Amino acid sequence: MAIVSVNGETCIGCGACVDACPFGALVLVDDVLTVTDKCTACGACLEICPLMALSLPETVKGPAPDLSEYQGVWVWVEQFGGKAQSISWEMMGQGRRLADRRKAALTACVLGHDVGRIARQAVDYGADRVFRADHPGLAVYRTAPYAAVLVDLVRRFKPEIFLLGASLRGRDLAGSVATELYTGLTADCTGLEIDPESGLLRQTRPAFGGNILATIICPRHRPQMSTVRHRVFEMPPADPARQGQIIDVEPQLDEARIATRVLNFVREYTEVNLTEARVIVSGGRGLGGPKGFEMLRELAGVLGGTVGASRAAVDAGWIPYEHQVGQTGRTVRPDLYIACGISGAVQHLAGMNTARIIVAINKDPAAPIFGVADYGIAGDLFQIVPALTAQFRARLK
Amino acid sequence: MKIIVCIKQVPDTAEVKINPETGTLMREGVPGIVNPFDTFAVEEALCLKEKFGGRVTVLTMGPQQAVEALKEALAMGADEAVLLSDRAFAGSDTWATAYTLALAIRKLGAFDIILCGKQAIDGDTGQVGPGIAVQLAVPALTYVSRINRVEPDPAPGTIEVERVLDEGRETLQTGLPVLLTVVKDINMPRLATIIDIRRAVRMKIPTWTAADLAGADPEKLGLEGSPTRVITICSPPGRGGTVDMIPAERADEAASVLVEKILAEKIL
Ligand SMILES: Cc1cc2nc3c(=O)[nH]c(=O)nc-3n(C[C@H](O)[C@H](O)[C@H](O)COP(=O)(O)OP(=O)(O)OC[C@H]3O[C@@H](n4cnc5c(N)ncnc54)[C@H](O)[C@@H]3O)c2cc1C
Ligand SMILES: Nc1ncnc2c1ncn2[C@@H]1O[C@H](COP(=O)(O)O)[C@@H](O)[C@H]1O
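As you go down the protein sequences, you meet chains D and A in turn.
Numbering-wise (the working numbering), the first sequence opens with residue 1 and increments by one.
Numbering-wise (the working numbering), the second sequence opens with residue 1001 and increments by one.
Be aware that one or more of the hints could be misleading.
What the hints assert, rightly or not - Residues from chain A that face chain D, not an exhaustive set, calculated with beta carbons under 7 angstroms: (1) ARG1106; (2) GLY1168; (3) GLY1175; (4) THR1209; (5) PRO1236; (6) MET1245.
Derived by calculation from the structure, the hints in this document are not laboratory data.
Since the model is a prediction, treat every value here as computed from it, not as a measurement.
Just so it is clear, CB atoms sit at the ideal spot from N, CA and C, and this is done for glycine as well.
Starting from the given sequences, assemble the full structure and let the hints guide the process.
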């Protein structure tokens, strides 16, 4: 699928783009550049080329659609068990900032049952307007009715930007809503900015297990939708004196036509809510067995944190999968991440390298984990961790 | 029972290295692998087939060399495979990918269960599964960690699954046909034997192009049909600063230095 085209007159066969291609789609044969069918049109090579010899096909055909009726920034406020999730207020903080940049209003969408208090909270956190869909059928999250309510609201009121938290529900919901609306959705953004010239939302996200950062736009479809990882943005302050309008929408839900029922929920909240944790003490193969995690649990307990793990420790059966941090586990962003006996493979780093402070304890001074750590101790974790626990216990009393 | 599994060939990110001089990805010789989550989807499909009988079809959209991914699934025991490959599909974002896969699934005829991985490790979006479900107007149950029960009778049948959400495990029931996206702890994918691999190599894998997909709107395919555009790619800014290595001759001394430094960060 060779999509990028090469201007043979300009290309000097320098090969700069060959290294830049994340897909290995560009090859130099006798100094002549060819684009193989691995090309996915990601555009990584375009800016690298010193001679601007590479281009993507111009796909914008016909006049640009009139998107001016799409205005304002919306945020979906996720609730679970009648309580708003903090990730949604983080979205409100960003939504407020983007709305101010666009000189537009910020709207919160609150779906659930008996969610009057959450609607009021949404105003405190910055909403100018709240759509409140209060219905027993919305008490517990289900994809279809939630998506139906949001799709209907978007079609009627036409927001320009729509943000959702990249929680598991948020990702599930955003995927359905964007497909139904035929609009662009960028998952797991770590940065959102308004382009000063075009006014478009520039969405930045990691890809390839954290190896690269891609910036994505959605030029011709609305709303521009993004999900954002937890703890990427600060919680905004709540202001109970703020004024905002709360509008009740009457969701038309026909229970007979909703196929899905939630039968049961088992909380595993207290032990492993890694994404919410402010302190994570994580262990890897260096722990040598399940017993090592007892030691980490003690340190985590003293710090008011929770225990994480590398995939090697999970695969060895020392600790359940729910604890796994990384590309195939959870993405976490605690204030403090203490990695004990973890080498720091790129897949592990992808899940934790945005933590505020990273501490690494590893007996191998050359372990890659030290490359992302703020503080490191090259030593035996079986001596250092108990000493840390004792001293933190004494100091935090 | 008719089961369809969508799999994607992805670069093995474990093998991706950053060129320290240019800060760009070095992709030379990076092998393509089946997206790890999709191997769980294939395994689950095979388990369902063993229980209920039926047929497992694997589907991928990608360049020609993605047949390698399909062969792996065939070696595991899938009955048939289809490759979707066409210049017209190139540059698809998640919307266009879901649109195209949904058209192919329609062409395959009636189905009971579609299985996808929870996300692909190159894009990490997890959007394609729910997207396919919306395109086909079937319910999607995401992040499934266990299939508790499938009741094919009375037709069209029902399914009960457990899924992992951020706060715990949820048990859900819905009607068939359904789309499931699966997480890692649902099963242990089987390993193909040499005999299986030999058999798979001999199996014919048809390639479908846009022309084979009835009702495909050319404006909704590939780069043209994709609402999103990647405009720049860069390597992530390092965490900045270098590591402050604390001497470790004596564990309790090292620990007390570290405790003071962490307390001074005022994060606890
Ligand atoms: C597709 C894919 C997805 C993956 N996803 C993930 C993921 O989500 N999360 C993840 O973590 N991994 C993931 N991995 C695996 C990853 O590549 C590594 O294999 C894994 O992270 C290694 O775990 P580890 O650091 O615990 O083990 P190792 O790499 O074996 O490191 C153990 C470390 O412990 C140190 N050590 C040993 N004894 C002691 C001691 N007494 N005191 C101090 N230090 C000691 C050693 O020096 C060593 O550095 C994935 C891999 C692939 C291919
Ligand atoms: N090109 C593709 N061909 C087949 N299946 C795909 C493709 N892209 C994504 N999928 C499926 O959708 C899931 C989620 O992918 P993604 O939304 O890209 O994270 C994957 O685990 C696959 O099951």
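Checked hints:
1. ARG1106: 15 angstroms, violated
2. GLY1168: 4 angstroms, holds
3. GLY1175: The hint holds - A:GLY1175 has a Cβ within 7 angstroms of chain D, the shortest such distance being about 4 angstroms.
4. THR1209: 11 angstroms, violated
5. PRO1236: Because about 5 angstroms separates A:PRO1236 from the closest Cβ in chain D, which is inside the 7 angstroms limit, the hint holds.
6. MET1245: OK, holds: A:MET1245 within 7 angstroms of chain D, min 5 angstroms.
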